[in-house]
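Following the hints, put chain B in place on chain A, whose structure we already have.
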Amino acid sequence: MGRILIVDDTMFMRTLLKNILFSGGHDIVGEAADGAEAVAKYQDLKPDLVTMDIVMPKVNGIEALKAIRAADPSAKVIMCTAVGQEQMVKLAVKSGAKGYIVKPFQAPKVLEEVKNVLSA
Amino acid sequence: MMKTVPAKVEHEGRWVSTKVGIAEDRFRIEAPVDREIPYRSVVDLEEKRNQIIVAVGGDGEAVYHIASVEKVLTVLKKFIITQASAYRLNAFFMSPAIRGGVLIQDATWEKGAIAVMKTGIWFVSQEKQVCIPLDEVAGIELTSREIQGKDLNVVKIDHLVENEVVTSFVLCPLTTLQVLYNFLKEATSGTEIKEDLDPLTGQVAMLVYSGMDSSAIENMLKLSHKDLDAIYDKLLSTGMAEVLYVRKEVQLTPKGVRYISESLKTPME
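Here the protein sequences come in this chain order: A and B.
Each residue of the first sequence is one higher than the one before, counting from 1 in our numbering.
Each residue of the second sequence is one higher than the one before, counting from 121 in our numbering.
A few of these clues could be false.
[Stated by the list, open to error] Here are the simulated lysine to any residue pairs, SDA-like style, with alpha carbons at most 20 Å apart:
(1) A:Lys18 <-> B:Arg265
(2) A:Lys115 <-> B:Asp226
(3) B:Lys342 <-> A:Phe22
(4) B:Lys342 <-> A:Lys94
(5) A:Lys103 <-> B:Ile173
(6) B:Lys191 <-> B:Ile173
In case anyone wonders, no lab produced these hints; they're calculated from the structure.
One chain only, chain A, in its complex shape:
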């Protein structure tokens, strides 16, 4: 089970992910609504894993991923994308993302992906 930081600009998605991850026994240590907040909270909370939305205001998910990985190369980040954002996925791969969730998602598969990334 992991300590997870959820990053998404919509409260609905954050709440949904929080419920899914909580049902899987994970501890939600924090939430952020944009990339800048995500980077700051990562440094404060040192979570085991981050779920990171890509399209967000201020600093987007890719930039936040890069900043987090620059500060902590062992950081485990799962990106949340919409179908059709293959370019973003490629950028995320280059930037060190460990997994990808495509919206809309189903709880069991999200938990499986989180488990895989946490145990990698």
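Then chain B, alone, in the frame of chain A:
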């Protein structure tokens, strides 16, 4: 040259052991069925666990349920898919590409053929045989996807596999792709969305999709039981949802209250 293998077939309502002969252009079911079937006369192929259901058209119209080991069924399916009376095209496909919202990282494009049959679409390559039953298709979209640095047109098919939403992609020349897309649109027109949902009902639908139960949805959206029931009714009336089960809420009768009260009494010495 016909290779004969053991199999079971459904005959007059029960499963019987027999043999199936498989040749390049036809297969034969031995007694008691005693029937030789050219692959080109097959009009539909379905798969259910360790059996296939083969529908033959034309004069000898009939449906055969055949069960056998996977290896035998794989060979038989390949011959049927590549020769049956169906709309067929050469294409690349990626199936599954996304499962339950999780991108499958080692998914690759496979070169093969697609056969569109009465009840499903079959993808067949050297490695794989994948069937998408038409009544399990949840969405079709003609879209573009970046492949080897180029934006190419693909058909994206969302379908259900044991309650998981799976996304597959088909890639072929645009004109063929358009034909495939139009066919699939037509074949799945029964599930086309004509209704527009209000934002709250849309959010509830999204939560159901994600696997949330009623009490989680009530908590997340701060809805009462009655409000959620009314939203469920909207989803049911549009055919977008079906009742999984009805949960009971109960209150204790005087007998139940007495049981609880008595169970908490300190035993008298």
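Distance restraint between Lys115 of chain A and Asp226 of chain B, which requires alpha-carbon spacing of 20 Å or less: The given pair, whose Cα atoms are some 18 Å apart, holds under the 20 Å limit.
Hinted pair Lys191 of chain B and Ile173 of chain B, Cα distance within 20 Å: holds, 16 Å
Given pair status - Phe22 of chain A, Lys342 of chain B, alpha carbons within 20 Å: Holds: Lys342 of chain B and Phe22 of chain A sit about 18 Å apart, inside 20 Å.
Pair hint outcome, Lys342 of chain B versus Lys94 of chain A [Cα-Cα no greater than 20 Å]: The hint is violated at about 40 Å.
20 Å Cα cutoff - pair Lys18 of chain A, Arg265 of chain B: violated, 31 Å
Restraint check for Lys103 of chain A with Ile173 of chain B, where alpha carbons must lie at most 20 Å apart: Judged against 20 Å, a Cα distance of about 35 Å means the pair is violated.
Checked against the numbered hints given earlier, the structure breaks hints 1, 4 and 5 and satisfies all the rest.
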